[in-house]
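Colleague: The lines below spell out each chain.
There are 2 protein chains.
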Amino acid sequence: MASNSSGGSDRQRVAQQRLRIITGHLQGREEGDSTIIAAECKAEGSQTYVSREEGKTVPRRRQEIMKWNGWGYSDTKFLFNKKGQAEFTGKRYRLSGMIIPALKEWFEGTFGASMQHKSPAAPVLNSGAVQPPTLNEAFLEELKSTGIPFSHDAEDRVYRAHGHCLHEIFALREGKVGRVPDMVVWPNCHDDVVKIVELACKHDVCLIPYGGGTSVSSGLECPTEETRCIVSVDTSQMNRILWIDEKNLTAHVEAGIVGQDLERLLNESGYCTGHEPDSMEFSSLGGWVATRASGMKKNIYGNIEDLVVHVKMVTPQGVIEKSCRGPRMSTGPDIHHFIMGSEGTLGVVTEVTMKIRPMPEYQKYGSVVFPNFEQGVACLREVAKQRCAPASIRLMDNEQFKFGHALKPQVSSMFTSFLDGLKKFYVTKFKGFDPDRLCVATLLFEGGREKVLQHEKQVYDIAAKFGGLAAGEDNGQRGYMLTFVIAYLRDLGMEYYVIGESFETSVPWDRVLDICRNVKARIIGECKNKGVQFQPLSTCRVTQTYDTGACVYFYFAFNYRGLSDPVHVYEQVERAAREEILANGGSLSHHHGVGKLRKEWMRETVSNVGMGMLQSVKDYVDPKNIFGNRNLL
Amino acid sequence: MASNSSGGSDRQRVAQQRLRIITGHLQGREEGDSTIIAAECKAEGSQTYVSREEGKTVPRRRQEIMKWNGWGYSDTKFLFNKKGQAEFTGKRYRLSGMIIPALKEWFEGTFGASMQHKSPAAPVLNSGAVQPPTLNEAFLEELKSTGIPFSHDAEDRVYRAHGHCLHEIFALREGKVGRVPDMVVWPNCHDDVVKIVELACKHDVCLIPYGGGTSVSSGLECPTEETRCIVSVDTSQMNRILWIDEKNLTAHVEAGIVGQDLERLLNESGYCTGHEPDSMEFSSLGGWVATRASGMKKNIYGNIEDLVVHVKMVTPQGVIEKSCRGPRMSTGPDIHHFIMGSEGTLGVVTEVTMKIRPMPEYQKYGSVVFPNFEQGVACLREVAKQRCAPASIRLMDNEQFKFGHALKPQVSSMFTSFLDGLKKFYVTKFKGFDPDRLCVATLLFEGGREKVLQHEKQVYDIAAKFGGLAAGEDNGQRGYMLTFVIAYLRDLGMEYYVIGESFETSVPWDRVLDICRNVKARIIGECKNKGVQFQPLSTCRVTQTYDTGACVYFYFAFNYRGLSDPVHVYEQVERAAREEILANGGSLSHHHGVGKLRKEWMRETVSNVGMGMLQSVKDYVDPKNIFGNRNLL
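Protein chains in written order, with this note's numbering: chain A, 1 to 633; chain B, 1 to 633.
Hints were generated in silico from the structure; no laboratory data involved.
Be a bit skeptical, because a hint or two may be false.
Stated by the list, open to error - The calculated lysine-lysine pairs, modelled on PhoX-like cross-linking and capped at a C-alpha distance of 20 angstroms, are: (1) 451/A <-> 451/B; (2) 465/B <-> 247/A; (3) 247/B <-> 247/A; (4) 247/B <-> 297/A; (5) 385/B <-> 385/A; (6) 385/B <-> 465/A; (7) 451/B <-> 385/A.
To be verified - Covered stretches of chain A (chain B as the covering partner; in silico rule of three or more C-beta atoms under 8 angstroms from a C-beta of chain B): (8) 57-63; (9) 128-135; (10) 243-251; (11) 303-315.
For every residue, glycine included, the Cβ atom is placed at its ideal position computed from N, Cα and C.
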């Protein structure tokens, strides 16, 4: 029998793969979790799907590609060019390199901003503004012998001292640097994390896990009162897919992987997790678990709690993990839910087994114009009731519709702009939609082609019952494409005295309209009371649907020229907005989490007994408050 | 304008309803949770959907309708009549009053049992065998002033001293009564429970919540070492639907309601929860929450964790509840998951807001015959992969297929039996299926008629790829109808030296066949080793499908004639079976829970740190172990 060498190596590869998977399933917890094992990190020399270099979006030195005082990549920003046109620089996005003709006018009109009134950022980070590190010599000594990379570099430390709350970025732009980590460490694998945690417990060092740095809850802010050495545990280099299990449709992944890498790598094998939070370019798997993240396409793929099959977290008491990867269990309270949402207060998530799905055969965008927001919400509610929501369905209010228009790139042909004009005429004059009331829903369908077309028909039929007009794939696609560039806009605004933030809630269906109306009005009222000189932007979007309610996302921004303490004003207005949300039956957060920003409402959110439970878990797991970011409690 | 009185009262009714719902939403927790409020129970005089008498399936005196030493209603049982035919007595079930011609032969053949060898139960409960109650006079004194009904009656106490584990029923049949509660109390509402818990804490009384009494984890067994007064908190009278919220599709329900009442009452308004555990005639909402229950149609309606929107639980530290009914939140670890699965160790669940759905327009049963179990499993796995599972899909092995046949009631016409014979010929001779290898899947589809027919086609097409033959609606319907009578069979078996139990697990897809084969073989081997004289029944069923695995349900029964300690033999075999399950990657339990029966495996299931977390919550919530059923930890 002639040997089929490719067949043989295929069989060998499959056999090795099965062996790796079964080993992974069977691997018990190491008995010696409390001893420092000077073992080689499993990464070196072991066969995995991803080589070290291949998988890395984010280098150890984040400053090589990321901004120090704003969102995202250094090579990408909005700016007004010499001709006074808005432009999106760089090459990474579909919008990159394009002129956005209507943006300037919208910006100036909406905020009363002007090219004359500039509020530029400090050009570079002044390392002198960074406190010298508080060193824990004993910790450092032992750390060195582990071979785990570390740094005391001021820039490395500043990069990991913050998330993306307004006040954090504003301070950086002013060159102000508060309490920052004293050290950064880069574990390469679970075992490295075990060593770091053991050393931290031994030497009473404060650990703050750092994933993608995209927290918008002040979760990453270093507590100013922390006198111990603060070590930022940067998981970005711990980012491999350890195995893909095609029989059970799961993948076992190191928690430092960022969303775009996870999807890209899985795609190479024909799979995806389908978890696509707006932050997915930079946010990490461990961060999603710690904050109970939600993704754009949760209608198909689920939120993080639906995606997670198995979690490993390293705590001061040892490693916590279930012994079984069964799909659903009744073995007491679900300990995964003690881990999810713990926001870095209990340990470091190191490895996660997640569900994967075959990549969808077909994708189709769509959009619907509604005469007004109320009809749009009623439509979304009906879609939810019939349990036929597409992969994603989002309804923006009239202000966001206009905002979306302002972000249209320069059209390449007269024909396209003629078409646009035709559509506008049809919608407004012919169908009688009031341009100051109409709103738009964007849709994304995924699945088998036939099913998608059927599904699409069902949804558009429902939309028609609520006065909705199908408005084409382009508008839908553009809406979703803008998702990843919106965050860059704030940095543009901050160049011209405009500050702002997004915040979100989840709310029962019967309170959606109240919340949208009341919170937007409250924002406007509070701004006025606090002396804001210009009308704020106060807008909302229904961004997820559920059986019993929806997720509502607010944007709030204003021109702060003339205010002596703009961040303080901002914070007061945000606080009032959250009070308004809670008073209208909305939750403290749908997916951003609590961090330090929303701690004050935790007790009323979970009740005294709930707080006591959370505190008792914290006191047991981490009695010395090694994981001392002071989030949640 | 003529007044439309019915319109007016309609508006009034709707307005009152909205007011009730909003009041329910807004009702804060009472500040004075720590003081005994001598307030009238909200039930009296308040308007609700259900009058006290109307809603009650289960009276305070359970003995009026339920067996004292077996499953279910007193008026219903299997027996062999004078002609030696198997019969199902009573009038409550479709099978009631019918002869089951093939059952006797199957029973005798399968177990080597015989009508000559009887092992009858003690005919009545001997109250003398019940220890006099340990009274806590101070507690009793204060309890009397609350007006909450209570009892020291021996029979009342015995009824609440057990669930339905084999050893519990076996002991009762022998007239043996161990530690039983010293008192039974029947709270009528949440406030009553608050009073009871406060008094218990004050006077150090042990409380054991009692819902439907259907625990199969020894969860209800009173710990023999408990020297304090044990009070059974029977929630069966706390069973109203407090409001239905049609806008958000939720219902707020008292936790003592049993499944059949909940569905029946919701049906009157055109709704359902769709939660249909096999125990639903008797099990309670509070019990589902406490044990993480799963229902037959979870593919549409979800398991209990998907159904619960809001929970209220009374603990020694006070009432725990979230402030918001938002659909999904990120506010730290989800405290609902500290409550779900707590199995009566932390408090009493009193009120739950659940999702409801409009009743399905259309239901259709179905069945598929597969040449063998492997093909059947592969089909179910493919259905799960395509995410097109019906409301329910269950695959029984060959032994259960034969068992199912033995349970066929006497056919009413020659034509039906002729058809049956034709089908049998077609399947076995014509299609070549081996009757000793073939197995059957039963299906239930629900939804809009057109969608159901489409869905049905998709599933049968998949089944065909795995050699599956559609075998008609009747077989499907009968399979599901038998669900509620199966539990009565054990009592019949126990009349003739046959004892048995069901147990379950959840397991990743790639281990399903291993687990089924290995566990069944292990059971048979262990029985042989332990001296069981007859071949045991060792059979399994894949009873739920998930993305990453399945729920597998085992039946195990044997003829214990000739054994001196049959229950001990049974327990050893069950224990070995669970070890085999765990060794094959299965979980400790999919939905039955841990109770006291499976405590020994908890530590390895959730890890040391997981155990520590659970213990720390227990120590905080209930430092005096008032909720002292000793489950889980």
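Colleague: Holds or violated: residue 385/B with residue 465/A, Cα cutoff 20 angstroms?
Modeller: 34 angstroms, violated
Colleague: Between residue 385/B and residue 385/A, does the CA-CA distance stay at or below 20 angstroms?
Modeller: Judged against 20 angstroms, a Cα distance of about 25 angstroms means the pair is violated.
Colleague: Hinted pair, alpha-carbon criterion (20 angstroms max): residue 247/B, residue 297/A. Please report holds or violated.
Modeller: Violated, at roughly 25 angstroms.
Colleague: Mind taking a look at whether chain B covers the segment 128-135 of chain A? Criterion is 3 or more residues with CB to CB distance under 8 angstroms.
Modeller: violated (count 0)
Colleague: So if I understand the rule, the pair passes when the alpha-carbon distance is 20 angstroms or less; does residue 451/B with residue 385/A pass?
Modeller: At roughly 16 angstroms apart (the allowed maximum being 20 angstroms), residue 385/A and residue 451/B satisfy the hint.
Colleague: Is the listed coverage of the segment 243-251 of chain A by chain B valid when you require three or more residues with a beta carbon under 8 angstroms from a beta carbon of that chain?
Modeller: Coverage by chain B holds for the segment 243-251 of chain A (5 residues, Cβ < 8 angstroms).
Colleague: With a cut-off of 20 angstroms on the C-alpha distance, tell me whether residue 451/A and residue 451/B pass.
Modeller: 12 angstroms, holds
Colleague: What's the verdict on residue 247/B and residue 247/A, does the C-alpha distance respect the 20 angstroms limit or exceed it?
Modeller: Violated: residue 247/B and residue 247/A sit about 41 angstroms apart, past 20 angstroms.
Colleague: Can you confirm whether the C-alpha distance between residue 465/B and residue 247/A stays at or below 20 angstroms?
Modeller: 18 angstroms, holds
Colleague: For the segment 57-63 of chain A, do three or more residues have a beta carbon lying closer than 8 angstroms to a beta carbon of chain B?
Modeller: violated (count 0)
Colleague: Verify the coverage statement for the segment 303-315 of chain A against chain B, using a C-beta to C-beta distance below 8 angstroms and requiring 3 or more qualifying residues.
Modeller: It holds: at least three residues are needed, and the segment 303-315 of chain A offers 4 whose Cβ sits within less than 8 angstroms of chain B.
Of the numbered hints given earlier, the model fails hints 3, 4, 5, 6, 8, 9; all others are met.
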